[in-house]
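Each protein sequence line maps, in turn, to chains W and P. When we follow our numbering, the leftmost residue of the first sequence carries the number 15, and every step to the right adds one. When we follow our numbering, the leftmost residue of the second sequence carries the number 4, and every step to the right adds one.
Since the hints were derived computationally from the structure, they do not count as laboratory data. Incorrect hints may have been included.
In silico EDC-like pairs for lysine to aspartate or glutamate, Cα to Cα no more than 20 Å straight-line [as the list claims (entries may be wrong)]:
1. P/75 x W/205
2. P/72 x W/235
3. P/79 x W/240
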Amino acid sequence: MLDEVFNLKLSFWKYILLAYVTLIIVAAFSINIPRIAILEETARNLFFHVPMWFTMFVTFLASMYYSIRFLSTENMNDDIKAESAASVGVIFGLCGLLTGMVWARFTWGTWWTFAEPKMNLSAIALLIYVAYFILRSSFDEDLLRARLSAVYNIFAASTVPFLLYIIPRQLPSLHPGADGNPAFSEFTAPELRIVFYPAIIGFFALAYWMTNLRYRYRKMEYTLQETTEV
Amino acid sequence: MLNLSSTSMVDTLSSAYADRWEGSESIAGADANALMNLLASYDLIFVVLAVSLIIWFVLAFYLIRVDQKISKLEQKILSSPENVYKE
């Protein structure tokens, strides 16, 4: 395990991932897409905007998994992993929110509207995670911080499906996946799916890499802090 | 009117700036190289692709650098005498 973790060379899968994401970006701009009214070429945003949210869900889910695991093991590594995954999730959520705003400006005609449940509720979901980091920063004692933030993190993760899927589906909205507005159904052109599905996998892998980097950095920070205190 | 603009090359510069900017004819046209002609085709969509790829490459390079720096630090901590680093 150790020689794998402390390998100075970049692991092979990272080179594959770099080439893979490059291919995705090239394909996203190069494939022929059907002309869709209002969306026009912005239909290509599907390859970037939607995977941001999917990646956020997956990282938040991973974060919750490590928080639950921490509560049963009390292993600080699990706490650091939960924190790392949550922070990468917030980054991807912010990207989703910002790209959504730009897309909304040119298809709905506004950067932000409080009439749009998916916009507002996704912003609330992100704020819930911002509170997670504020909560973390308010403890001096490591074990206490890890325990309480793990409990909070489980709560935070459980709000996400309600805020981003269940509630928006009950309310009128322009966003796909709302009341009377199909999300990713038979209406989505098959050409778009060819790039969309692989793009999701690429961004998942990128998020894993980013989480791993943050975890390793945090782990060293924690180790240094332990050695200097003793 | 027939709309050929989506498949034909767009020369956005030579007519608009022809009298003001010398050498503007070479942006797209017979004497420009193949890459420049490709970038200037399909309503300039490939210019956006080039911009996006530049951003991606810079970010990817940054990720690789941070990865390598972290690996080096890990090795340093692992080989230090008071090593308490455990997986």
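Violations among the numbered hints, reported as their numbers in ascending order: 1
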